[in-house]
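S.K.: These protein sequence lines are chains A and B, in that order.
Under this note's numbering, the first residue of the first sequence is numbered 14, with each subsequent residue one higher.
Under this note's numbering, the first residue of the second sequence is numbered 26, with each subsequent residue one higher.
Calculated directly from the structure, the hints in this document are not laboratory data.
Just so we're clear, the structure is a prediction, and the values are computed from it rather than from any experiment.
All C-beta atoms in this analysis are idealised placements derived from N, C-alpha and C, irrespective of residue type, glycine included.
Where hints are given, some of them may not hold.
Below, a sample of chain A positions facing chain B; criterion: calculated Cβ distance under 8 Å [unchecked claim]:
(1) R92
(2) M108
(3) F192
(4) V193
(5) M195
(6) Q197
(7) I236
(8) L312
(9) L318
(10) P321
(11) G324
(12) T332
(13) V333
(14) S336
(15) N346
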Amino acid sequence: MNIEKGKISSQQLLFLVAGFVQGSVLLIDFTVGITEQQTWIVVFIGLAITTPFFLSFVMLAKRFQGMNLIQINDVVYGRLMGKVVSAYYIFFFLMTLSFNIRDVGELYITFLMPDTPFIFFLTVFTATCAYAVAKGIEVLARVSHLFVVTGLFVIISTFILLIDQMDFSNFLPFFELPFVRMFQGIHIMSAIPFGETLVFLVIMGCLNNTKHMIKNSYIGLLIGTISLLIVSARNTAVLGRTQTIWTSASFQSIRLIDIGTVLTRMDFLIGIAQTVLIFFKCCLFFYALVVSLSQLFGLKSYLPLVLPLAGIEVIIAATVFQSPVDHASITQNAGIIYSAPLMFIFPPLSLLIAKIRGLPRFERGKGK
Amino acid sequence: MIFLLLIYAFIIIINVPELIKKKEWRELIAFSILYIIGFALGLMYVLGIPIPSPMKGLQHLIVEVLGIKYP
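With the rest of the complex left out, here is chain A (with noise of 0.2 Å):
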C-alpha cells in the first residue's frame, strides 16, 4: 500500500522536475573549479549522458504504477534484499539534504547575514521544509510553477542586464583541460543535477495519469538543463577564469551588475532565488526521505516523522562538513562516487529484472 495519498498530474510532474533541476544552480560551482571556462559544455555532456539513466527511472516508475522506489525495491529484488536496497538509497536522501540544508546555511552566512549563528539558518530552513513536506505532495506539485517561473525570471533578467558586461572571447579556448578533469566534471554534473532526479521514482507513484509522464518529465529536465547552461555561460562569460577563484561565482558576477550607477547591488536577486529553488528542492528531497523511511517502516503514515527527521538533519547538516571547502572536495570525490550505483546501477537494473521476470504482472498473479 502506497503512503500517500494525494495526487499529482503529469503536467505538474514537469514543473517539479525542471524546480528540482533548477535547485542545483548553486551547486554548479562545484564543478566550475574543475572544469572552469568548458562548464557549459559538461552541462550538455552531463544531460547527454544522464537522458538514457532518467528515461530508466521514469520506464520504472511507469511500469510500477501507483507504487513508490522502497515498494519496488520489494517486488524486484525481495524483501530483505530489496529492503538493503532501499536503506541504500534512504540513507543517500538523508545525505544528500543534509548536504543542500548546509547549502543554504553557508550561502547566507557567507554572503547575507555573517555575523548570525549557522544553526539558526538551518533550523529556520528546515522547520520551513518540514512544514512544506507535512503538507503534501500535492501542495508542493500545485505551486510548483511559481517556483520553476520564479528561478527562469531571475536567471533570464540578470543575464540581460549582465550582456554589457560580458566577453565571448572568455569561453576559449575550447577542449584544452585534461580528459580526467573533463570526466570528473561530467560525473559531478551527471551525478548532482542530473542523477538526483531519482528522487522522483518515490514521487511518481503519485501519478493520476502515466500517459504523458515521459514527455512531461524529460521536458522539466530540459527546462532545468536550460537554467543550469545560462547561469555557466553567463558566470564564465561575465568572470572568465576568475570564476573559478570565487565561492560563489553567480554572486560575484551579479555584483557587477551597474545600469546606469541606479541598478547595482543586485546580488540580493541571487540570494532570493537561490533560497527559493533550494527550498524546492530540499522539500522534494525530504518528501522522499520520509515517504521512504514511512514505507520502509511499514508505517500508515509519513507525518510522525516529518519533525524527528527534521532535527536530525539540521544537526547532520552542521556538522558534516568543518567548512565549506571541505564540502567541495568531499563532495567532488566520495559524495558523487557513493551515489553512482544508486543512479546509474540500480534503476537500469530493475527495469532490465522486472522486463525479464514480466513485473509486476507476475506479482499481482501471484496475489501479491
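Chain A is already provided as a structure; the job is to place chain B on it using the hints.
M.R.: The following block gives chain B in isolation, referenced to the frame of chain A:
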C-alpha cells in the same frame, strides 16, 4: 540548551497525543526511535561533543581503503 528542550517538547506535544489517541503504536515506536536519535544528536551538538561525520567515514572507505579517487 533551553531552545533544544523547548523544540523537542514542542515536537512531543504535536505528535504523541494524536498517535496515542489513534492507537498507532507502530508509528509511535518509529517516531520514538527517530526522536531519541534526534535529541541525542542535538544534545551532543549543544554540549560541544564531536559528532562523527558519515561522509568522513565514507571518504576514508572510498579514497583510502578502496583507492577510488579523482586526482
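S.K.: Hint by hint, note whether the structure agrees.
M.R.: Status of each hint after checking the structure:
Interface hint status for A/R92: violated, as the beta-carbon distance to the closest one in chain B is roughly 17 Å, over 8 Å. For A/M108, the interface hint holds, the least distance from its beta-carbon to any beta-carbon of chain B being 7 Å, beneath 8 Å. Checking A/F192 against chain B: minimum C-beta separation of about 11 Å lies over 8 Å; hint violated. The beta carbon of A/V193 is positioned within 8 Å of a beta carbon in chain B (closest approach about 6 Å), and the interface hint is therefore held.
Violation of the interface hint for A/M195 is found here, the shortest Cβ-Cβ separation to chain B being roughly 11 Å, above the 8 Å cut-off. Interface restraint check for A/Q197: the shortest CB-CB distance to chain B comes to about 5 Å, inside 8 Å, so the restraint holds. Interface restraint check for A/I236: the shortest CB-CB distance to chain B comes to about 30 Å, outside 8 Å, so the restraint is violated. Hint status for A/L312: holds, given a least beta-carbon distance of 5 Å to chain B, under 8 Å.
The beta carbon of A/L318 is positioned within 8 Å of a beta carbon in chain B (closest approach about 6 Å), and the interface hint is therefore held. The beta carbon of A/P321 comes within 4 Å of a beta carbon in chain B, closer than 8 Å, and the hint placing it at the interface holds. The interface hint given for A/G324 holds, since its Cβ lies 3 Å from the closest Cβ of chain B, which is under the 8 Å cut-off. With 8 Å as the threshold, the beta carbon of A/T332 comes within range of chain B, its nearest partner Cβ sitting at about 4 Å, so the hint holds.
Annotation: A/V333 was flagged as interfacial toward chain B, and the flag holds, the nearest CB pair being 5 Å apart, inside 8 Å. A cut of 8 Å between beta carbons decides the hint on A/S336: the least distance to chain B is about 12 Å, and the hint is violated. Here the hint on A/N346 is kept, as its CB sits about 6 Å from the closest CB of chain B, short of 8 Å.
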